[in-house]
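K.L.:
So the chains spell out like this:
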Amino acid sequence: MPELALYSDRLFMAAVGVYVLAMVLHAAEFAAVRSAKAVLVGAGGSDHDGAAARPRSERFARMAVSLTVLGAVLHAGSIILRGLAAQRWPLGNMYEFTSAVCLAAVVAWLVMLRRSPASRSVGPFVLLPVVVLLFLAGTVLYARAAPVQPALQSYWLVIHVTTITISSGLLLVPGVASILFLLRRSGRLPAGLARLLPSSDVLDRLAYRTTIIAFPLFTFAVIAGAIWAEAAWGRFWGWDPKETVAFVSWVIYAAYLHARATAGWRAARAAWINVAGFATVLFNLFFINMVVAGLHSYAGLG
Amino acid sequence: MVQAPTRPHADPDSRAPGPRLPGVVLLRNAWRSLTSMRTALILLFLLALAALPGALIPQRSLNQRLVDQYFLDYPVLAPLLDRVGAFEVFASPWFAAIYLLLMVSLIGCVLPRTLDDARALRAVPVATPRNLARLPHHGAGPLDVDLDEAATRVRGRLRGWRVAERAEGDSRTFSAEKGYSREIGNLVFHLSLVGLLIGFAAGKLFGYEGQVIVASGGGQFCNTGILGYDSFRPGTLVDGTGLDPFCVRVDDFSAEFLPTGQAASFAVALSYQTGADLKAGRVDAWRSFPLAVNNPLRTDGSRVYLQGHGYSPVFTVTFPNGEQRTGDIQWRPVDPATLLSEGATKFEPPGITDDEQRRTSQLAITGLLAPTTSGGDVVTSVFPALRDPEVAIDVLRGDLGLDDGRGQSIFEVSRAQVESGELVRVARANLVPGQELTLDDGTVVRFDGVKDWVNLQVSHDPGQVWVLVFAVTMLAGLGASLGVRRRRFWARLTPSEQAGRTVVELGGLARTDRAGYGEEFDRLRAELLEPIEKDG
Ligand code: HEM
Chain A
1 MPELALYSDR
11 LFMAAVGVYV
21 LAMVLHAAEF
31 AAVRSAKAVL
41 VGAGGSDHDG
51 AAARPRSERF
61 ARMAVSLTVL
71 GAVLHAGSII
81 LRGLAAQRWP
91 LGNMYEFTSA
101 VCLAAVVAWL
111 VMLRRSPASR
121 SVGPFVLLPV
131 VVLLFLAGTV
141 LYARAAPVQP
151 ALQSYWLVIH
161 VTTITISSGL
171 LLVPGVASIL
181 FLLRRSGRLP
191 AGLARLLPSS
201 DVLDRLAYRT
211 TIIAFPLFTF
221 AVIAGAIWAE
231 AAWGRFWGWD
241 PKETVAFVSW
251 VIYAAYLHAR
261 ATAGWRAARA
271 AWINVAGFAT
281 VLFNLFFINM
291 VVAGLHSYAG
301 LG
Chain B
1001 MVQAPTRPHA
1011 DPDSRAPGPR
1021 LPGVVLLRNA
1031 WRSLTSMRTA
1041 LILLFLLALA
1051 ALPGALIPQR
1061 SLNQRLVDQY
1071 FLDYPVLAPL
1081 LDRVGAFEVF
1091 ASPWFAAIYL
1101 LLMVSLIGCV
1111 LPRTLDDARA
1121 LRAVPVATPR
1131 NLARLPHHGA
1141 GPLDVDLDEA
1151 ATRVRGRLRG
1161 WRVAERAEGD
1171 SRTFSAEKGY
1181 SREIGNLVFH
1191 LSLVGLLIGF
1201 AAGKLFGYEG
1211 QVIVASGGGQ
1221 FCNTGILGYD
1231 SFRPGTLVDG
1241 TGLDPFCVRV
1251 DDFSAEFLPT
1261 GQAASFAVAL
1271 SYQTGADLKA
1281 GRVDAWRSFP
1291 LAVNNPLRTD
1301 GSRVYLQGHG
1311 YSPVFTVTFP
1321 NGEQRTGDIQ
1331 WRPVDPATLL
1341 SEGATKFEPP
1351 GITDDEQRRT
1361 SQLAITGLLA
1371 PTTSGGDVVT
1381 SVFPALRDPE
1391 VAIDVLRGDL
1401 GLDDGRGQSI
1411 FEVSRAQVES
1421 GELVRVARAN
1431 LVPGQELTLD
1441 DGTVVRFDGV
1451 KDWVNLQVSH
1461 DPGQVWVLVF
1471 AVTMLAGLGA
1481 SLGVRRRRFW
1491 ARLTPSEQAG
1501 RTVVELGGLA
1511 RTDRAGYGEE
1521 FDRLRAELLE
1531 PIEKDG
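Top to bottom, those sequences are chains A and B. Residue numbers for the first sequence follow this note's numbering, so the first one is 1 and each next one is one higher. Residue numbers for the second sequence follow this note's numbering, so the first one is 1001 and each next one is one higher.
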């Protein structure tokens, strides 16, 4: 059904456009706060103008969040149509995989935002990597909708890939929060931005709370992958590059959780570990898929 | 925000002083630092770091060819890497050292901690601190009721908590604690990791993996010994005797391809006999099984997988004396997309006893097989399915070199024999099924057709079911450990100067990680204090 695939592509582009717009509005929010501050200083400390500018930045911020929701809806539509077009679960190649990881990240971010409204100004920093990844997905990684090879036709695969995708997307949020946390602590942020971003405490909590949801899901996904590999490849674990890097990510996130419980490690060092963990997740998604595993053919069949 | 104090792990000061002998002290200190949280962290890092080369450097267990290529590409570096075991990271002693230390550290850390917690489980929640306002979560306010009613209210709110009520002068205090299953989850999680590792190790010691090619259309294989396999990878403690003696028979192979040539599905109609069948003498009783990718046969503690397939051209040679021989050895695919295959089908002329003569009259048919031929002079394959086969063959005659004691690939003729002139090409032709070719001495070579073969893998891993069991308990433990918060709540009720009013002070502390206790505490505080705040 080529029309469906076409609509899926259009929705994809629309979603990217809306995300970019949401980022612009977040930028406008920041600018409004900054100019409010300038006026404040110019007016010799009178609170009057600042109070007037607040609602303006507030309006921009609300619009940015609404647009993010709209973007996520379009994005989800694009993925669903893709599945209908290819008549299979829409996680069969790098393009689809990356797109779904980004959707998971955006949805996770929106859910966390509901639970912790104080972290709203993290929004554009979540959207930035999402837009970059989607751009890569839509250009370099793009593949036409097509069926997949026999080894990939299994419901365990569907469970495995879906949970890996969701947990990878979820892990983007703590990755971003930890980077912002480290930047804030380093004191190297421009003063305007530093004033806007949530406190390091809110950032730290955002990272931790998202990680403790993502980590068990990731653990489950790895187990599901092992169950599938046992049926498809004849062994549940074979240290192939993808499995190995998943193991490395898993151990690093376990180290993060340990660091959170170790005196002297709970703040900056834990944040570094979280960033390292997300780096290995990205590394697995892109480098291993495209460079290492490209040399490596799994089984004779397919 | 104030940081909640964490429990010290294996904090030397928190233990009773031990014996004073220097050696014992040294040992004790070594044990304490091994089982500290910080050591666990460092070992986890080392584990992650040590595993990475396994993904970035080719590994022997996965792909010997890539390892050989690496040696060619980096002639200086590769031998050095080889010396430290970088081409078999996961079998190297340093990798084993890291995870074994981690397991020892884990047991030494988590078990004593859980014993402590088991004791705490029976203990009464600790007394209410004097100054609740100094806790990370706190609140205070007057209640418009007398002490007894206030106490009833607090008691009602703390249902589901472990509560101790104490009198303290005129005041009354409540100490409450909740979330014990966190520690249980933590213990289950960590011990499951140990179980998982033991299951994994059992597989490596007692398991095996063997590959065998079986012809479709009735080819059989019995798992009676390692000699039946084309390749066999035994576990460390497997000597190849005492395999489970089941048999399989490949009745039919079928493949479907998309018009692009991409494989759509593979299936084998398999028959099998279990070890019990054979033991009971039911040698004619075959059970059938639809073997497919993603659907292995599981029998007698082993699994049989469909791993690959290919083609065997069938040739019949009619020798000048009228005797016939048919050869249908498998050829190997050289192009996975079109299944163009190459191979060598070898014949011994019948009825020849003279060694010298035999060595000059052996035959080999080598060349290419296209399952769907392009039809040109140079045979190429355009599609992987068997639609329109054609072979392009060289017939060689002479000494195949089978007797010189060196093993020979079944897919090739010995290049040395060709170069030395002991094996000579006597004919070359392209044949489709039914066509034949007559050699100078009157021998006739006929191409009869093509058979399918399948590559089966037999895997035996007695540990894997335990790995699965422990993976499941690990996940459950992890869920409890991360999902449940261990937290404390205190309330002190003091009669106010005004009769009929009570001053309430509240305090809260998350004992493990503070994330997330705030909301729950705020809700409790609101429920206990707000009714009064509204009217007063
Ligand atoms: C393969 C090695 C290990 C892995 C994958 C691992 C993983 C984890 C994970 C995911 C948690 C999070 C649960 C939580 O926060 O409650 C945790 C907690 C914990 N681990 Fe480990 N662990 C390992 C080894 C160890 C070792 C060697 C020790 C002791 C030296 C240890 C002691 C603890 C303790 C005490 C906690 C609870 C921390 C807390 O109070 O929050 N673990 N571990």
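No wet-lab data here; the hints were simulated from the structure. Ideal placement from N, C-alpha and C gives every residue a C-beta, glycine not left out. Among the hints, erroneous ones may be present.
Unchecked claim - Label pairs and their calculated CB-CB ranges: (1) Tyr155/A / Gln1064/B: 25 to 35 Å; (2) Val69/A / Glu1520/B: 20 to 30 Å; (3) Ser1288/B / Val158/A: 52 to 62 Å; (4) Val158/A / Gln1064/B: 28 to 38 Å; (5) Val1025/B / Val158/A: 52 to 62 Å; (6) Asp1146/B / Leu189/A: 49 to 59 Å; (7) Val69/A / Arg1523/B: 41 to 51 Å; (8) Met290/A / Glu1256/B: 21 to 31 Å; (9) Asp1146/B / Pro117/A: 36 to 46 Å.
K.L.:
Now tell me if each hint is right for this structure.
P.N.:
Against the structure, the hints:
A hinted range of 25 to 35 Å holds for the C-beta pair tyrosine 155/A and glutamine 1064/B, which are about 34 Å apart. Roughly 28 Å separates the CB atoms of valine 69/A and glutamate 1520/B, a value that falls within the hinted 20 to 30 Å. Here the CB-CB span from serine 1288/B to valine 158/A is close to 28 Å, at odds with the stated 52 to 62 Å. Valine 158/A and glutamine 1064/B have their C-beta atoms about 33 Å apart, which keeps the hinted 28 to 38 Å range intact.
Checked against the given bound of 52 to 62 Å, the beta carbons of valine 1025/B and valine 158/A, roughly 57 Å apart, stay inside it. Hint check: aspartate 1146/B to leucine 189/A, Cβ distance near 54 Å, so the stated range 49 to 59 Å holds. For valine 69/A paired with arginine 1523/B, a C-beta distance near 27 Å fails the hint of 41 to 51 Å. The given range of 21 to 31 Å is respected by methionine 290/A and glutamate 1256/B, whose C-beta atoms sit roughly 29 Å from each other.
For the pair aspartate 1146/B and proline 117/A, the supplied restraint of 36 to 46 Å holds, since their beta-carbon distance comes to about 39 Å.
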